[in-house]
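Each chain, letter by letter, is given below.
There are 2 protein chains.
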Amino acid sequence: LNARLFHGAEPIATWPSDARAAAYGDGLFETMRVQDGSVPWWDAHWDRLARGAQRLRLSLPARAQVEDEVAALAGGDSDGVLKLLVSRGGGGRGYAPLRGAESIWMLSRHALPQRPPAAALRVHWCETRWATQPLLAGIKHCNRLEQVLARAECMDAGMDEGLMCDGDEAVVGATSANLFVSIDGRWLTPPVDRCGIAGICRSKLLPLLDAVESRLSVAQVEASAAVFLCNAVRGILPVARLGGRAWPSHAAVDDARQRLARIHPGFAHDIQSTERL
Amino acid sequence: LNARLFHGAEPIATWPSDARAAAYGDGLFETMRVQDGSVPWWDAHWDRLARGAQRLRLSLPARAQVEDEVAALAGGDSDGVLKLLVSRGGGGRGYAPLRGAESIWMLSRHALPQRPPAAALRVHWCETRWATQPLLAGIKHCNRLEQVLARAECMDAGMDEGLMCDGDEAVVGATSANLFVSIDGRWLTPPVDRCGIAGICRSKLLPLLDAVESRLSVAQVEASAAVFLCNAVRGILPVARLGGRAWPSHAAVDDARQRLARIHPGFAHDIQSTERL
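Taken in sequence, the protein lines are chains A and B. Heads up: the first sequence at position 195 corresponds to 195 in our numbering, and the numbers run straight through without jumps. Heads up: the second sequence at position 181 corresponds to 181 in our numbering, and the numbers run straight through without jumps.
Do not rely on the hints blindly, as some may be mistaken.
Which copy is meant is left open, because identical chains are indistinguishable; a pair holds if it fits in one copy or across any two.
To be verified - With a straight-line cut-off of 25 angstroms between C-alpha atoms, the simulated DMTMM-like cross-links for lysine to aspartate or glutamate are:
{"#": "1", "residue 1": "Lys140", "residue 2": "Asp68"}
{"#": "2", "residue 1": "Lys83", "residue 2": "Asp18"}
{"#": "3", "residue 1": "Lys204", "residue 2": "Asp36"}
{"#": "4", "residue 1": "Lys140", "residue 2": "Asp18"}
Derived by calculation from the structure, the hints in this document are not laboratory data.
Extracted from the complex, chain A is given alone in its bound form (with noise of 0.2 angstroms):
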């Protein structure tokens, strides 16, 4: 693994054994694009990060430093994903943080994931649900054991990904991925206040398809005219099968698709290259 751990602003080898990331999953991460050595959406990743660490009362490391290590990872090869993994320092045994405790930082280089065999996903409604809790809905917090249980529910199903509810039935969102509906010529995608991800990917397209949030049932997506899953490292993924219902390409979804290929290098590569398939 390509990595890079900090303590503060001074390298360090390896997680301390007290880690309260290890211990209790206190930290946040970004999980961002790499298209011709850069990050194209960084600064929202920065500030959703800043908003995390402001909602823990955790200490975020110096953004230049962290600036400096992104650059020197996403370097070299075109393309690819970076995550950024930022936790409370401080240690010690028991819940109670340090206050000011400098945090213990991550960085690491990754490959972008193999699209699945079907350009289209099919996709699980999973038995777990996402449990109501406003001080952490929004924010990628690494408490994400709903997500792990979720994910294996997919697998057994033989399905890519899975689409979760809250505790009142309501849709929330796929274990790493926005959903957007089209219902009526318009697309609407769930609100994340209670539950859920804020995603870059979903902040960038609801100006971009003049989206709106709006609670969903089950029955609501079902019958939606077309479906499709959003994140910052696959861009717009649309959706085959869900439950009963099947969709075809729609021509919506490809002209998502093409605006956002206007906002963000990466996924107009990732269109060129599905059509020279």
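Could you slot chain B onto chain A? The hints should help.
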């Protein structure tokens, strides 16, 4: 930190940088009281760990090896705390758990925590709610951001501990202890089927005190004749103040402590130490 780390049966020097414990809190832990070189409640801790592992479909290390390491680390000083953390191995980026991957596990030794200045605890009603998630309720998993946030509240309020409610305003328990209240001469403790942790001390006290599980409101707790918190490290901790209510010492709490001391040498030792003060 006196710690030993393993991947499956093999000792390893440090956490791998792609550890799922740090990435997702994808693990379980036990915090155990050591007395006279052994862990008196070891069987109960292992059983809860095994239940958690079944729920998360996580591989456990071989019990015999863990017991050898526990014995090695528990020996020496007469009392202390052992922490066992078992996390899903396999790494990789993404939530999907690798089926059957050998666990990464850590055993660490810690000093007994200091008693708070006052003999009985001053307890805060936390604003942070404990989210309802039956799939994770009861087990002692490593997704503990809610407890970290709740404990930060207690520190801000200058209090020793905090009681948390769920989203329906039912009392769940303290951030790192279970709650027992005496109402009409009977000990009651909240159920842990929707959220909360099934504490080992709680499980020992339920039959010992002929206690029963009961959903409790804030008003019921404050109207109780006596209140204590309990966990496997400190045993029974009397509550002196909570919200607007104060309790003097109570014979029923003293009686419960004496009963507990008869089944665990560590808590017998604690009572003797307190009496010597």
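Q | Copy assignment of Lys204 with Asp36, given that the CA separation must stay at most 25 angstroms | A | Close inside one copy (20 angstroms), not across copies (60 angstroms); limit 25 angstroms.
Q: Since the copies are identical, ignore which copy is meant and state whether Lys140 and Asp18 lie within 25 angstroms (CA to CA) inside a copy, between copies, both or neither.
A: Answer is both; intra-copy 22 angstroms and inter-copy 17 angstroms each pass.
Q: Could you figure out if Lys83 and Asp18 sit no more than 25 angstroms apart (CA to CA) within one copy, between two copies, both or neither?
A: Intra 22 angstroms, inter 11 angstroms, cutoff 25 angstroms: intra and inter.
Q) Is the C-alpha distance from Lys140 to Asp68 at most 25 angstroms within one copy, between copies, in both cases, or in neither? A) within (22 angstroms within a copy, 39 angstroms between copies)
Going through the hint list in order, the structure satisfies each hint without exception.
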